[in-house]
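Engineer: Using the sequences and the hints, build the whole thing.
Take a look at the letters that make up each chain.
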Amino acid sequence: MRAACYLVVVLGSLLSRPTAAQTAPPDCRPAEPMPPELGAWPDRAPLAAAADRAMLGGAVLPVGRAVDASLHRTPDVNFVSLPEQPGGSVSFGGMFTVEVVEAGSYRVAIGSAAWIDVLVDGAAVLSTAHGRGPGCSGIRKMVTFPLPAGRHVLQLSANAERTLPLLVARVP
Amino acid sequence: MVGRLMGLTLLVFGCGGRPPAARAADPLRIAAAPVPADNPTTDSKVELGRRLFYDADLSINGTMSCATCHGQRRAFAHGTRTHPGALGHAGRRNVLSLANVAWSRTLTWADPRVTTLERQATIPITGVEPIEMGLGGAEHVIAERLGADACYRQMFAAAFPEEGGTIALATVAKALAAFQRTMVSVESPWDRYRRGDTTAMTAEARRGAELFAGTAECAGCHAGPFLSDGSFHRLEPDSARRPDRGLAEITGNALDAGRFRTPPLRHVALTGPYFHDGSAPTLVDAIGRHRAVAPAVDRLTSAEMGELVAFLTALTDSAFVTDPRYQMPRRFCGRAR
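So the protein lines, in turn, are chains B and U.
Using this note's numbering, the first residue of the first sequence is number 1, and each one after it goes up by one.
Using this note's numbering, the first residue of the second sequence is number 1001, and each one after it goes up by one.
None of these hints come from the bench; they were simulated from the model.
A virtual CB, placed ideally from N, CA and C, is assigned to each residue, including glycine.
Heads up, a few of these hints could be off.
Over 12 angstroms on every C-beta distance to chain U, these chain B residues come out as not near it, computed from the model [to be verified]:
no.: 1; residue: D27
no.: 2; residue: A51
no.: 3; residue: A54
no.: 4; residue: A114
Cβ-Cβ distance ranges computed for the label pairs, FRET-style [claimed, not checked]:
no.: 5; chain 1: B; residue 1: E102; chain 2: U; residue 2: T1301; range: 46 to 56 angstroms
no.: 6; chain 1: B; residue 1: E99; chain 2: U; residue 2: E1163; range: 34 to 44 angstroms
no.: 7; chain 1: U; residue 1: V1141; chain 2: B; residue 2: A103; range: 24 to 34 angstroms
no.: 8; chain 1: U; residue 1: I1250; chain 2: B; residue 2: E99; range: 51 to 61 angstroms
no.: 9; chain 1: B; residue 1: E99; chain 2: U; residue 2: R1029; range: 52 to 62 angstroms
no.: 10; chain 1: B; residue 1: M34; chain 2: U; residue 2: Q1154; range: 50 to 60 angstroms
no.: 11; chain 1: B; residue 1: A48; chain 2: U; residue 2: D1197; range: 54 to 64 angstroms
no.: 12; chain 1: U; residue 1: V1284; chain 2: B; residue 2: G64; range: 34 to 44 angstroms
no.: 13; chain 1: U; residue 1: D1298; chain 2: B; residue 2: V171; range: 36 to 46 angstroms
no.: 14; chain 1: U; residue 1: E1236; chain 2: B; residue 2: A48; range: 52 to 62 angstroms
Structural biologist: In structure tokens form, the structure reads like this:
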């Protein structure tokens, strides 16, 4: 009986392989082409996130440019607005300023399952769509927000790693 | 089994005039839910349990709390078929709502061994089938992480004086259980209607309630104030191709293959998708898949189907899903977080 139980445990963990991936697995063959608005994704430069409101001026994320965001330990982050999933003390988070020139739908694409908020005038905007990225792209999560023109705050929280691939794209 | 349960029966809310106690003691006279004798509910335990419920430090990489899967807006269920774990392992079953969970005789979709919330709480934290919060074999991080926080030390000391304020999986589970026992929801339009407020439900929903209890043959299994008999039934023929054998995985009895616990239906309009694997996207779909146990569903007109759905929608207690007492706490130990 005991032995049978252990067997089940082992099988269970073999069968349920992690689906998390910050980058696409090397042997992955894309089934679908990358939509043009996400074309910048593979081409990422590092960008440091803000840990508090005062740092936001120096953490501007241009729309359409992919970055490897470098985040802060969650206990060191003072979010402008407490996220619904703030993350534990061993997780990472941070904030960016996003400048929206033209009102419209904007998609935030990330390489993990971190929590994403966009604040307009300090309040979190309700998202209009959720999804995974195209197969093999390394985009793990995409959330779409309707945004007015202006300078908004992007908050990322509950991330497992210090670095997070990130792209904000205008939805065509 | 029953004898043991009875032995554990105490009042749920021993914490002087908390509003949930007032709600439970309403004219519908729902008998008090059982509370294990070794984990009486106290204000300090509930407060600690609430903080823990929202704390992602209970997951290996700090990314996932109980609330990640059990969100208040959906009556503490989740809007996806299954939810992956903190390390990305695929989920196996649909996330259950936690409303009125204190009354469930057995917990989870198909494991009659899980009879207490204390036992259940360790499953997502340390379980490996599937890996959810991922602390299996790493339970020591609970004491390390939480013990590093002076306010947690204070809260554990207040909640578990008889255990010297020990910070460990067992006390975490007890506090989480105490908090979940306060998740009481008996203020839906259906409750108000049954208490005599004839305007609480629309005429369509009232016809749906009659169908549910009558010709549609639902109430035999979805029985009582929480609309579940707590028993295990097979709605669709089992086949070897189904990866989830349900009750048979626990009993080893082939006759139990494909049997799942009748899910309680309060808040069901908020908790889709439905069924143990989340394979029924809508209420109409879920109802239609009952033809083997409730053949009347095939004879329902579309108007009658609408009435059943209207009744099920009247089982939503909108005050419960916005009640500040169940929200993520913003202050601990008198300080903003």
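Engineer: Go through the numbered hints given earlier and state which of them the structure violates, listing their numbers in rising order.
Structural biologist: Hints 4, 6 and 7 not satisfied by this model.
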